[in-house]
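Undergrad: Line by line, the protein sequences are chains D, Y, E and B.
Here this note's numbering is used: the first residue of the first sequence is 210, the next is one more, and so on.
Here this note's numbering is used: the first residue of the second sequence is 210, the next is one more, and so on.
Here this note's numbering is used: the first residue of the third sequence is 210, the next is one more, and so on.
Here this note's numbering is used: the first residue of the fourth sequence is 210, the next is one more, and so on.
Since the hints were derived computationally from the structure, they do not count as laboratory data.
Careful: at least some of the hints might be erroneous.
Identical chains blur together in the list; that is why a pair holds if it fits in one copy or across any two.
With a Cα cut of at most 30 Å, we get these calculated DSSO-like pairs of lysine-lysine [to be verified]:
1) Lys248 <-> Lys358
2) Lys358 <-> Lys627
3) Lys345 <-> Lys222
4) Lys345 <-> Lys369
5) Lys479 <-> Lys627
6) Lys248 <-> Lys345
7) Lys369 <-> Lys627
8) Lys622 <-> Lys369
9) Lys627 <-> Lys418
10) Lys222 <-> Lys418
11) Lys622 <-> Lys345
12) Lys310 <-> Lys451
13) Lys222 <-> Lys447
14) Lys358 <-> Lys451
15) Lys451 <-> Lys222
16) Lys447 <-> Lys627
4 protein chains.
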Amino acid sequence: MNIDRNQIAEHNKRLEHTQQRRFAQLAEDMPNIDGVVQKLVSFQVAIPSWALGTGGTRFGRFSGGGEPGNLEEKIADIGLLHALNQSSGAISLHIPWDIPKDYAAIRTLAEQHGLAFDAMNSNTFQDQQGQTHSYKFGSMQHVDRAVRKQAIDHNIEVIKHGIELGSKSLTVWLADGSSFPGQLNFRRAFQNTLESLQEVYAALPADWKIFVEYKAFEPNFYSTTVGDWGQSLLYASKLGDKAYTLVDLGHHLPNANIEQIVALLLMEGKLGGFHFNDSKYGDDDLTTGSIKPYQLFLIFSELIEGMDNRGMEHAKDLGWMIDASHNLKDPLEDLLQSVEAILIAYAQALLIDRNALNEAQATNDVARAQEVLQQAFRTDVRPLVAEARLRAGAALNPVQLYRELDVRGRLVKERGEKTVATGL
Amino acid sequence: MNIDRNQIAEHNKRLEHTQQRRFAQLAEDMPNIDGVVQKLVSFQVAIPSWALGTGGTRFGRFSGGGEPGNLEEKIADIGLLHALNQSSGAISLHIPWDIPKDYAAIRTLAEQHGLAFDAMNSNTFQDQQGQTHSYKFGSMQHVDRAVRKQAIDHNIEVIKHGIELGSKSLTVWLADGSSFPGQLNFRRAFQNTLESLQEVYAALPADWKIFVEYKAFEPNFYSTTVGDWGQSLLYASKLGDKAYTLVDLGHHLPNANIEQIVALLLMEGKLGGFHFNDSKYGDDDLTTGSIKPYQLFLIFSELIEGMDNRGMEHAKDLGWMIDASHNLKDPLEDLLQSVEAILIAYAQALLIDRNALNEAQATNDVARAQEVLQQAFRTDVRPLVAEARLRAGAALNPVQLYRELDVRGRLVKERGEKTVATGL
Amino acid sequence: MNIDRNQIAEHNKRLEHTQQRRFAQLAEDMPNIDGVVQKLVSFQVAIPSWALGTGGTRFGRFSGGGEPGNLEEKIADIGLLHALNQSSGAISLHIPWDIPKDYAAIRTLAEQHGLAFDAMNSNTFQDQQGQTHSYKFGSMQHVDRAVRKQAIDHNIEVIKHGIELGSKSLTVWLADGSSFPGQLNFRRAFQNTLESLQEVYAALPADWKIFVEYKAFEPNFYSTTVGDWGQSLLYASKLGDKAYTLVDLGHHLPNANIEQIVALLLMEGKLGGFHFNDSKYGDDDLTTGSIKPYQLFLIFSELIEGMDNRGMEHAKDLGWMIDASHNLKDPLEDLLQSVEAILIAYAQALLIDRNALNEAQATNDVARAQEVLQQAFRTDVRPLVAEARLRAGAALNPVQLYRELDVRGRLVKERGEKTVATGL
Amino acid sequence: MNIDRNQIAEHNKRLEHTQQRRFAQLAEDMPNIDGVVQKLVSFQVAIPSWALGTGGTRFGRFSGGGEPGNLEEKIADIGLLHALNQSSGAISLHIPWDIPKDYAAIRTLAEQHGLAFDAMNSNTFQDQQGQTHSYKFGSMQHVDRAVRKQAIDHNIEVIKHGIELGSKSLTVWLADGSSFPGQLNFRRAFQNTLESLQEVYAALPADWKIFVEYKAFEPNFYSTTVGDWGQSLLYASKLGDKAYTLVDLGHHLPNANIEQIVALLLMEGKLGGFHFNDSKYGDDDLTTGSIKPYQLFLIFSELIEGMDNRGMEHAKDLGWMIDASHNLKDPLEDLLQSVEAILIAYAQALLIDRNALNEAQATNDVARAQEVLQQAFRTDVRPLVAEARLRAGAALNPVQLYRELDVRGRLVKERGEKTVATGL
């Protein structure tokens, strides 16, 4: 199915009056409101191909209907999201789940939906049918050179697929680690991993980036070989200028101060990208902003401060991706909610009075610094975000229109009740 | 110093125009806005006497100036807060730090400031000068009956002070526990504590409540004898109808779902009161709402739902107290910020569309349930809270007026630069 | 395959000399060594049927070979373990994975291996083929009475299977909970769950127990409806005398003091049983004793103290079960290691000088209390545990004999390389 | 008071027979036992001057009697420890608490007790009497250059004291950080801190090291400016070859894998030293080995593996210090227990069969790797540690002799009941 412009226009017509009133009210107190709206229009969040189906836990998976069964349907799904919010204009593919049969056709299809190809994702955390070596004991860290070689080759193959599609980056998330004391020699595991990454790095085109993602635990439960930002930064520094750290919000130990990590990585010129999601206990992969919206705002505050300080462009110079796994909600509704939460946090952070904050910091006026941040966070910026959508040709209320059009019902009719998308 | 009505009126006059506009804008979308404002007006948060001075950590204490040196000055400080926000109309005393010399005079002074006496707090976690027995190894749990007796007697004495002042409740927070495996027999520690509490309970007037506060760790670092809500509920159930659990937001293990605890305690009819603060790592005692404002909102959502379900009155049927320790901010500014954050969370929770939420829950419409909650949370309710203040005769912007009047500067002049209030 | 007595005798003959020497050395310092050995001989740990195959995480599963494909093979596997260590004389079944076709035949088979049927486990955390209602949004907590009824009926059916096999208890672990704020009304979820449990309880034979297992998180990531020991105890208390709390070591928030929970549940007469495993981050389901052996010892110390205080029999009055999920090791080797670690912790705890500990506690001699505990923990009790095996007709070194006999190789030959056992 | 050789000899005579028997039994299974004993003899752990008095929490301090009131008495206390165990042959001073009045006299006194001067510790986390600028808002990170300068000067002064005493290293632990979002610009805080450290580094003698200690939280509760090993490594790398990371066991987020951090820092040539203690919740500063002895063993396993790999000398090439704060125990007994636990973990780690472990790792034999580690950990190495003491002229059972000689009672008589040592 497709959502056409008339459907959106009609939806907007019904809501436009209220939106105009609310936006005007906000504008009264904001001199530079159009600049903020313009930044929101430009901001795009990539959707991972594996988030379009219902995810599972090790205890089970409760699939929904109408899930995309192939790459074309995944692109169509993200096309629906992008038509609704004009903020999801990129797709992040996962190999081998999404190997295109016909690159040109896939590129054309993506273009028709207005979608770019964001970071490519390799998979060395599962064994695929017919694979020569098993990743049971790791991939790039493996004690056996043949297994490492297989993982390296796979990543190089992923780069090749990406080149054909116009992607410019590779995200390497390694499940490598150990579940028991004694299983690994930590140093050798690090060095094997580094050497493997170096071989992949050597195959990277000049205009590509490689993102080294870290994770504290799961699926290994004693150690992870790229376990925290310190380790990731070590790898990225040793690899070279094209290597960066990727921060996934759910990949930290309890109580970690992620916003500080973000600030330091930006300071070092080594922050590459972001995986958005939310969590309470571990890598829970919940809807972005559903558990800790203030933390999300604080992270955006650091991102803006740090990027502006380095003269980076918000919309282009970092990789913005969602990485979630939707167990209970309709995945498309969930993604609409995640993108909305990201835009809200971004808008709030754009509203921070930086001069006032700097002044408060310079005078150790802690109460004032809090007031400045909370002034931005407590502002209801939804009319701003909606305005950005209106100007971009998207729906004022994407979730509402999604339901009005019964998108899921129609996808089920098209694709069936029992489809199961690839993913976790 | 005092803040008189004219100063407040003048301040409000300057801000009133903007406030009226913003309130009117909010009112356009809210049919029942006056009911909400009225609930906000009624809501009072008790201020603990020990939060009026700069707190410290075990690594040091950086006192500010003008701190209250006696009970009269503490009452005066809370009087200032209450004059500014009309939401801090109660004081929670701590014995022996706040033993009144003249009950009638203290009652009169409090009345002059419009303050009631909230829960009384005993102290068996420190040794006082001249004390017969040490609490080094606990108080109510102690293996030595004489030490337990001393702790019991102290609590009964605290009740007596409270009776004289018109308080109606006793909060018992015990530091009792152990720092090393083997130090305690857990069962005997529990039973000693229970028997001690029973003796205190027996001395409780008919119209009093006793709050059994729990805490996961600190100052003991292996076990705590009232360590979690399950233990507190066991004590409260064995004690009787006048015994309740008290929830302090900072007293949990990492990632605990406090809002669920609140809901279950209300279900059991055993939630007695609240200690508000915020934290990232442990009992950090930071400004309420400064770290996890969404959690605070979710807790208020459960409080309202549960209290309404039991036919409880929001403003009266639970003990609402702040318990924080202000290391870096001016304590009075900090308390104004905390009360503001509490009222904002309360207001947001009052705006939740309960019918829509019930319906979403009844149909497992998880995405919709989230929309309903976030619709309330994302609303900028500050004009509502300010309106409540306006109607109650308080300042539209308490922190701003506090600074305009240079309250701290005047307190320093009155009391000196080197005063150190009792507290942590 | 079977392991016959001759194979064990031959293995023991080779190791016996060293064992005798080491045992004699230990005996020199221990007056009551035979009593300890006798307790070790009596102690039996039930093996769950789902731990016999290689487990997985949500990121993948790396199966090994020779895994049992049906109930008969599972019994055979546990028979092998029991032959090797004579401490694994019970099996804990999981329905519907282990529905017997012929009760009498299964009972006979189990008897041949010397195995009893321990607690039966129901499964309402997954949807089975052809199931009428889905457990996607919970089972016993579900808003729809029909779903709850299905879950109740399933549990009653599990009891019936158990009766036929001679089991005497039902373990109910519920994945019920929520992953997003607002999804559940906590109170109604609790009450629905309680009513469902009451219906199951009503179907419980007079000599059965029901174990209500709690878990802090996973597979739900916001709340769990039986989330901690406090909640489990509430259910168990409301259900009645046959209801108990079951403690799984991996089901707690970070840093929880599990040994204190054990002591308090014993105090209340409500500890029903144990699920042994180990973990660093969450419900990691690692080999018992592989991460925190001292914690395991402290738990056994509380178990012994509390059971002795209530006059309970160690070997009979609690349910002792392993609950692990073996991702990387041969499951049978892993189970042998887990049972060994449990017996070691039990033996160490039996060696604690209780009089000295009581005296140290009575005098707040914290350093001495630690010395007493560590004196037991630091003792190398492996000769004691081995002696118990020798006396019971088991192998002195079960893992070593398992490898010498190439048990896994022979199972692979019998059953094939690609078998996948039911489980997680 | 002093402990003379005769007292020790007499004590040893009584215990020697049993010790000889146990040592001989151990020796039967260990070919290289003398090499291990020799390493234990050489291993020395520095005692911090602030651990000799009873520590406190922010809730209170329960001092014991006979605490050292000046530097001379602190040296005497450590002299007692060293006489008892011959493993505490160094003292770590804290400035300004321990400023010597007469360097030569202090050096002579230390020599008389056989003590060396280990790392010097600066203090910029507290304000001292008469200090020009306050550290309330940080020291080396401070927005005001004058405050930073004061902190730098203080550290340089500490180096000067150290030079006079023969110390060779400076430990810098900074409490710098923030307690509220917005308080700090993380990047500027980092850069200020780096520049401050660079000025201190410039004043470091050629043969000195500077240890940059990290800590996740406390006394700041939102961010710490040297917050984790990644940050510390960044500073140390930017500073130069004389700068190293110092690991304090209690300074991590929950569940951190400290042994992996140790291995990676050794790999990078940047591990400088260790602060031993133990903890369950945060920086609990409990007796080493009292909570997680297996973790301590695993850390020593990595230390040995990594140091051997780099050709480092165990006894000399890292700084080994205790950093604890003894609230409940007699501080001297506590330190004896801590040193004992460290030696036990070291001895166990020395017993690991490295060839077998390497082989297990090379073949992904996870169960075997665990067996190899646990074989060492489960061995009762106390006779080894005692033998090392015997050969070094120390007491076979230091805690027992400490009590037999009533050391504390005699110190109380000498120094009085009400002394309070400097410290936390």
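Undergrad: Any hints this thing doesn't respect? Which numbers, in order?
TA: 1, 3, 5, 6, 7, 8, 9, 10, 13, 15 and 16
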